[in-house]
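Q: Sequence:
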Amino acid sequence: MATSIAGELLLVDSSNPVALFEGGLDDVLGKIEQEVRSHVADISTDKGRKAIASLAYKVAQSKTALDELGKNLVAEWKAKSAAVDAERRRLRERLDALKEEVRRPLTEWENAEKRRVEEHENLIRRIEHYGEKAAREWQTMPEAELRGLLSEVIAFGSRDWQEFKSRASGTRCSASQQIEEAISRRVKYDAEQAELVKLRAEAAERAKREREERIAKEAEEKAKREAEAKAERERQRVEAERRAADESARRDRERLEREKQEAIERAERNERERVEAEARAKRAAEQAAEAERQRVEREHAERKRKEQEANAAAAKRKAVRDAITEDIKDVVGCGHDYAEATMRAIVSGQIRYVQIVK
Numbered sequence: 008m009a010t011s012i013a014g015e016l017l018l019v020d021s022s023n024p025v026a027l028f029e030g031g032l033d034d035v036l037g038k039i040e041q042e043v044r045s046h047v048a049d050i051s052t053d054k055g056r057k058a059i060a061s062l063a064y065k066v067a068q069s070k071t072a073l074d075e076l077g078k079n080l081v082a083e084w085k086a087k088s089a090a091v092d093a094e095r096r097r098l099r100e101r102l103d104a105l106k107e108e109v110r111r112p113l114t115e116w117e118n119a120e121k122r123r124v125e126e127h128e129n130l131i132r133r134i135e136h137y138g139e140k141a142a143r144e145w146q147t148m149p150e151a152e153l154r155g156l157l158s159e160v161i162a163f164g165s166r167d168w169q170e171f172k173s174r175a176s177g178t179r180c181s182a183s184q185q186i187e188e189a190i191s192r193r194v195k196y197d198a199e200q201a202e203l204v205k206l207r208a209e210a211a212e213r214a215k216r217e218r219e220e221r222i223a224k225e226a227e228e229k230a231k232r233e234a235e236a237k238a239e240r241e242r243q244r245v246e247a248e249r250r251a252a253d254e255s256a257r258r259d260r261e262r263l264e265r266e267k268q269e270a271i272e273r274a275e276r277n278e279r280e281r282v283e284a285e286a287r288a289k290r291a292a293e294q295a296a297e298a299e300r301q302r303v304e305r306e307h308a309e310r311k312r313k314e315q316e317a318n319a320a321a322a323k324r325k326a327v328r329d330a331i332t333e334d335i336k337d338v339v340g341c342g343h344d345y346a347e348a349t350m351r352a353i354v355s356g357q358i359r360y361v362q363i364v365k
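Add 7 to a position in the sequence shown, counting from 1, and you land on the number used in the numbering used here.
If you are wondering where the hints come from, they were derived from the structure by calculation, not from laboratory data. Any given hint might turn out to be false.
What the hints assert, rightly or not - Here are the computed lysine to aspartate or glutamate pairs in the DMTMM-like style, where the Cα-Cα straight-line distance is at most 20 angstroms:
id, residue 1, residue 2
1, 65, 29
2, 65, 34
3, 140, 188
4, 121, 107
5, 172, 107
6, 38, 53
7, 78, 94
8, 325, 309
9, 289, 299
10, 195, 150
11, 195, 125
12, 78, 33
13, 87, 75
Here the structure is a predicted model, which is why all the values come from computation and not from measurement.
Turn these sequences into a full structure, and let the hints steer you where they fit.
A: Quick look at the structure:
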């Protein structure tokens, strides 16, 4: 099924792919693995590395060849399967058509029977609905409409109900009874409503008359109340004007009395303010005189202090000059005039780098 040839890794026998993929694949894969693993890998030389790459390429070729065989086999099987499916569809369609053809008379009879039964059932339900509607809605349905339903139910008695005759008869009797009772209730209800309309009209007329009488009486009472209210308002106005005049006179008296009292208080206040102003002026004059006396005394004391300080400073300066003159005489050994001239030169700053420290 598979052979090893020099220069090629493996040649696959493609004459019987069915046998290959139905149990023979493991044998082929085992031989490929044995062949590949029998080669000793040598990555130390360029030749060895190329041999490894060549071996891997041959494995890929073997994989491609085997996969292609499987792919072709599956395509063949799919084509055969599609042909079988087409034949299956054809046989189903023909036999379904044959079944329909054979059963058609029975089917048509069953459909007609179904329509016949449905028609009877629908009419029976319709009769039931008439009776139920009359029993449920008799207050809102006119008498003529109820009698029309009764006539239609009675007319169904001439129909050939076949096997539904007994059921239809019972339903018609029940519906007729319901409709007749509804008609009776409706007739009674209409009579009662007519009586109610009459009574309501009489009550409305009576209410209208009573309302008009009440309106007239209320208008009379309202006019009387308005006249009384007007008289009361006039009395209140006159009283309010009198009270306002009295209040105005009282306020005028209070204002005059208040103005008189304010004038007295203002005169008293002015007098107090005049006396206080004179007292303040007297105190201010006395304070000014005292301040002037104290100022004069302070100036005199300050002049005296300055004179004393000036005399003391002059005496001190003279004592310092005399001491310097004597020291110069003693140190230099000169006369008094020379020593005094030197001292004067020092005091006046004529000798550089020398000064008197007090």
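Q: Does the structure break any of the earlier hints, and which numbers would those be?
A: The structure breaks hints 1, 5, 6, 7, 8 and 11; every other hint is satisfied.
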